[in-house]
Amino acid sequence: MSFDLIALQLFTGLALGAIYVLFAIGLSLIFGMLTVVNFAHGAFYMVGAYVGLFLLSLGGNFWLCLIAVPLIVGTVGLVVERFLIRPLYGRGIDYPLLLTFGLSYVMVELIRIAFGKSGYPFDTPEILQGAVNIGVGYFPLYRLFVIGIAAAVLLGLWLFLERTSFGLIIRAGARDPQIVRVLGVNVSRVWLFVFGIGSGIAALAGLLAAPLQGVIPEMGATILAEAFVVTVVGGMGSIGGAVIAGLLVGVVVSMTSLFAPEMAKVSIFALMAVVLLVRPQGFFGRAGLMS
Amino acid sequence: MNELSQTLSQPSVASVSWFDFAKRHRAILASIFVLVFPLVMPFTALAVNILIYGLYALGFNLLFGYLGLLSFGHAALFGTGSYLCGIAIVHFGLPWYLAIVVGIVGGAVMAAAIGALAIRTRGIYFAMVTMALSQCVFYLFYQAVDWTGGENGLRGINVRTIDVLGFKFDFINPLTRYYVVAVFVIMALFMLSRILASPFGAVIEAIRENEARARASGYDVTRTRLITFILSGAFCGLAGALMALHLSIVPIEILHIETSGMVVMMSLLGGMGTFFGPFVGAAVFLLLENLVSIWTVHWQLIVGAVFVVCVLFFPAGIWGTILKWVNK
Chain A
131 MSFDLIALQL FTGLALGAIY VLFAIGLSLI FGMLTVVNFA HGAFYMVGAY
181 VGLFLLSLGG NFWLCLIAVP LIVGTVGLVV ERFLIRPLYG RGIDYPLLLT
231 FGLSYVMVEL IRIAFGKSGY PFDTPEILQG AVNIGVGYFP LYRLFVIGIA
281 AAVLLGLWLF LERTSFGLII RAGARDPQIV RVLGVNVSRV WLFVFGIGSG
331 IAALAGLLAA PLQGVIPEMG ATILAEAFVV TVVGGMGSIG GAVIAGLLVG
381 VVVSMTSLFA PEMAKVSIFA LMAVVLLVRP QGFFGRAGLM S
Chain B
30 MNELSQTLSQ PSVASVSWFD FAKRHRAILA SIFVLVFPLV MPFTALAVNI
80 LIYGLYALGF NLLFGYLGLL SFGHAALFGT GSYLCGIAIV HFGLPWYLAI
130 VVGIVGGAVM AAAIGALAIR TRGIYFAMVT MALSQCVFYL FYQAVDWTGG
180 ENGLRGINVR TIDVLGFKFD FINPLTRYYV VAVFVIMALF MLSRILASPF
230 GAVIEAIREN EARARASGYD VTRTRLITFI LSGAFCGLAG ALMALHLSIV
280 PIEILHIETS GMVVMMSLLG GMGTFFGPFV GAAVFLLLEN LVSIWTVHWQ
330 LIVGAVFVVC VLFFPAGIWG TILKWVNK
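First to last, the protein sequences are chains A and B.
Note that the first sequence covers residues 131 to 421 in the working numbering.
Note that the second sequence covers residues 30 to 357 in the working numbering.
What the hints contain is simulated information worked out from the structure, not anything from laboratory work.
You can trust all of the hints, since none of them are fake.
Rough simulated footprint, nothing fancy, chain B against chain A, three-plus residues with beta-carbon under 8 angstroms: (1) 217-225; (2) 236-245; (3) 360-368; (4) 389-403; (5) 406-413.
Take a look, some chain A residues computed to stay more than 12 angstroms from chain B by CB distance: (6) Leu201; (7) Gly265; (8) Gly267; (9) Gly278; (10) Leu287; (11) Leu298; (12) Ile299; (13) Ser318.
Chain B is faced by these chain A residues, among others (derived, beta-carbon under 7 angstroms): (14) Leu228; (15) Ala351; (16) Ala355.
In this text, a Cβ means the ideal position worked out from N, Cα and C, and glycines have one as well.
For reference, chain A alone in the conformation it holds in the complex:
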């Protein structure tokens, strides 16, 4: 086993990790603000891929999808928050979780009605086909592109949260919604917006994953379980934790599929078990958020 092969596999892991990061960051953002564990996040991810497929079949191109898909699915997220999740605030943490779980059933079945039960292949956009030399060997261009997009979204999100006044309100609202409300901010509207952003980013992750894995109605359930591992490892509600843990999980998956392929699916759960034993609140988790 050469060093180059391992380095290439490392990059493959980072590309996979970039998708985990995008997925988990929405989960984390929604949890950090609204204290809602969104079990429908996987469904938003899946719908993102299908909306992309639909737009392409109408003659749209991939670049348009990158903009349109998060906007469309984000709007769906706004509607879901406003009419389904908002009535449940203040009724304990289990209820939004159960509701979003039921919602994911409905969304998956609606997609099955519209597109059928079997999956579709999703072509890599022509301009992103092929491979480039990254010093240690040839690496698929599309995977580099995924890493790049994820980095750009993260940078944008960071700038938005840290440098804009709306971002300031979001961060303050996550700490103490009561005080922010007293200061005259319409917190409900902020929460609405955060849920929209979270589901939009999940949809983008689904679109980016589509050319790598194909599109099936059940694609959301698998990544949801894996994203929970990311969230547990990184620490609930921590965006930095989601980034580091997402990349770590991606690398662990790709490394085990290189060295011990039969363990690839189980390895990340073993990682979670180790983290739970050593540090139950995760890398960056605050102890108070756990209960």
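Following the hints, put chain B in place on chain A, whose structure we already have.
For chain B alone, coordinates are given in the frame of chain A:
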């Protein structure tokens, strides 16, 4: 959930005496219901399914309804019970009753393993960790093709006759099959009623109501949680073992996330934290599935929507709402 459980568990002063009678003898009343149940069902195989899933929901409800821990990984316990019972029969040729014991023990041991990790976390973390770990169990059984048949499921669990103390019962006959399963379910009902009525049961509910106070009162919260998780695993393992005998095959779908979610839906539909609610929930869920699938293959759409409406408007569930209404 706190306000809900308070209204359900605190006996109201003005409650009528027959309600107290029913509460004290809940296991007997539930058993009588179980015995006459197949006579009112459209077909017996559905009644057997309701019985088994009701038992599965019963085990889940012990953890969620009574202890207050929401697990999203109970398919791992149900499935382990099922697979181990099947493996005991197919690969080791054990008689059916020993295979059931293997299933119960398997469910309990899997619960101990998952519980030991998940119990370190609480609240929503617990739901996430149990779901992730049950996904891990899915892959383990999926990959052990020699033992479990992998994608095709474990086949060849042929139990045709059940012999008890020299009597032989025809297990192919649906009604006999129902009553064989019912015997186990009734034993489980009595066992659960006994557990809940014991001082240990009181500690379980005390932890749900106020963990800090239970801890301050000197109870070992962590150990109680783990023991309850293991008990829940034993009930679910039994349900899984009966499922293996009933289907005579263990499909890999038994370990899917959907099987974990189904039991959550059943418990909530019926009424969590109530003794008989899980059975009501299982019955309503499966009847709904059967009725809706007559006119559309997309029954999950309807069932999911009903569930969403239930969470929004009837959080006490069907049985819980009836109990509240009777209790007034």
